[in-house]
Amino acid sequence: GAVVSQHPSWVICKSGTSVKIECRSLDFQATTMFWYRQFPKQSLMLMATSNEGSKATYEQGVEKDKFLINHASLTLSTLTVTSAHPEDSSFYICSATKSFDTAGTNTEAFFGQGTRLTVV
Amino acid sequence: RKEVEQDPGPFNVPEGATVAFNCTYSNSASQSFFWYRQDCRKEPKLLMSVYSSGNEDGRFTAQLNRASQYISLLIRDSKLSDSATYLCVVTPGFQKLVFGTGTRLLVSP
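So the protein sequences, as listed, match chains A and B.
Mapping to this note's numbering: the first sequence position 57 is 57, numbers consecutive.
Every number in this note's numbering is 120 more than the matching position in the second sequence, counting from 1.
Chain A with its partners taken away, still in its complex shape:
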């Protein structure tokens, strides 16, 4: 099956520094990837849609200058949390959707392992 790899799985950083998280689709090309954030005991919240070769689409309330997304190739999207603060501490997960038919109705989302970010 399709595999999505996310790195690092956990990171601790000082307040004010930047952290980059990588998301790779290992055995399929993903023109679109999604970045989610999950706070404890809450649901996955979509932050942004990463589009290969073009600008990311951010959900309402997500600061695009703070969460920089780059999708330079069909297998790699990166999320950079700039000037991280303790309130950015969360579980960040990427996903890529693979369609099994041309209509796009038979799809499955594959998730990276997630990155637990702790800002101190």
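In short, the hints are calculated from the structure, not lab data.
Hints may be right or wrong, so weigh each one.
Said to hold, decoys possible - With a Cα cut of at most 25 angstroms, we get these calculated SDA-like pairs of lysine to any residue:
hint : chain 1 : residue 1 : chain 2 : residue 2
1    : B       : 162       : A       : 78
2    : B       : 216       : A       : 62
3    : A       : 41        : A       : 86
4    : A       : 98        : B       : 181
5    : B       : 122       : A       : 87
6    : B       : 162       : A       : 55
7    : A       : 55        : B       : 218
8    : A       : 64        : B       : 142
9    : B       : 216       : A       : 26
10   : B       : 165       : A       : 8
11   : B       : 216       : A       : 86
12   : A       : 64        : A       : 15
13   : B       : 199       : B       : 174
14   : A       : 41        : B       : 149
15   : B       : 216       : A       : 74
16   : A       : 41        : B       : 142
Please read these numbers as outputs of a predicted model, since none were measured by experiment.
Chain A is already provided as a structure; the job is to place chain B on it using the hints.
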């Protein structure tokens, strides 16, 4: 109103019990429906897709009611290993997924 709503639980059931979760969605144009399972501090993993005719996979049965805009998941003969959070997922558009808050299940000996 949230796009996808679930009872967060937790549902506490003994081993061997049958438990059912429901999920409602607001976008009538939604095309695809899934149940994902998420273990603590792990990424979600697909449990099963939900088809209009209903589908079964071992102890798990999923059903879709488009008229009432809800989907359900039934787990029979619960196992300790079934303890997890079950996420209802809806696709309102191509590839984009919308997650419910998840329903937490705790199966006890």
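(message) Check the hint pairing residue 55 of chain A with residue 218 of chain B against an upper bound of 25 angstroms on the C-alpha distance.
(response) holds, 21 angstroms
(message) What's the verdict on residue 64 of chain A and residue 142 of chain B, does the C-alpha distance respect the 25 angstroms limit or exceed it?
(response) violated, 35 angstroms
(request) Compare the distance between the alpha carbons of residue 162 of chain B and residue 78 of chain A with 25 angstroms, and conclude whether the hinted pair is satisfied. (result) It holds: about 20 angstroms lies between the C-alpha atoms, which stays within 25 angstroms.
(request) Could you grab the alpha-carbon distance between residue 41 of chain A and residue 86 of chain A and see if it respects the 25 angstroms cut-off? (result) The hint holds at about 18 angstroms.
(message) For residue 41 of chain A and residue 149 of chain B, compute the direct alpha-carbon distance and say whether it is at most 25 angstroms.
(response) violated, 29 angstroms
(message) Checking one constraint from the list: CA of residue 122 of chain B to CA of residue 87 of chain A, max 25 angstroms. Satisfied?
(response) holds, 24 angstroms
(request) Would you check the hint for residue 216 of chain B and residue 74 of chain A, treating anything up to 25 angstroms between C-alpha atoms as holding? (result) holds, 17 angstroms
(message) Does residue 181 of chain B sit within 25 angstroms of residue 98 of chain A, going by the straight-line distance between their CA atoms?
(response) holds, 24 angstroms
(message) Next pair to validate is residue 199 of chain B with residue 174 of chain B; report whether the Cα-Cα distance is within 25 angstroms.
(response) holds, 23 angstroms
(request) For the pair supplied as a hint, residue 216 of chain B and residue 86 of chain A, confirm whether the alpha-carbon distance does not exceed 25 angstroms. (result) Roughly 29 angstroms separates the two Cα atoms, so the pair is violated.
(message) Checking one constraint from the list: CA of residue 216 of chain B to CA of residue 26 of chain A, max 25 angstroms. Satisfied?
(response) Holds. Residue 216 of chain B to residue 26 of chain A sits at ~20 angstroms (cutoff 25 angstroms).
(request) Sort out whether residue 142 of chain B lies within 25 angstroms of residue 41 of chain A, counting only the CA atoms. (result) Between residue 41 of chain A and residue 142 of chain B the Cα gap is close to 19 angstroms, so the pair holds against 25 angstroms.
When held up to the earlier numbered hints, the structure conflicts with 6, 8, 11 and 14 and fits the remainder.
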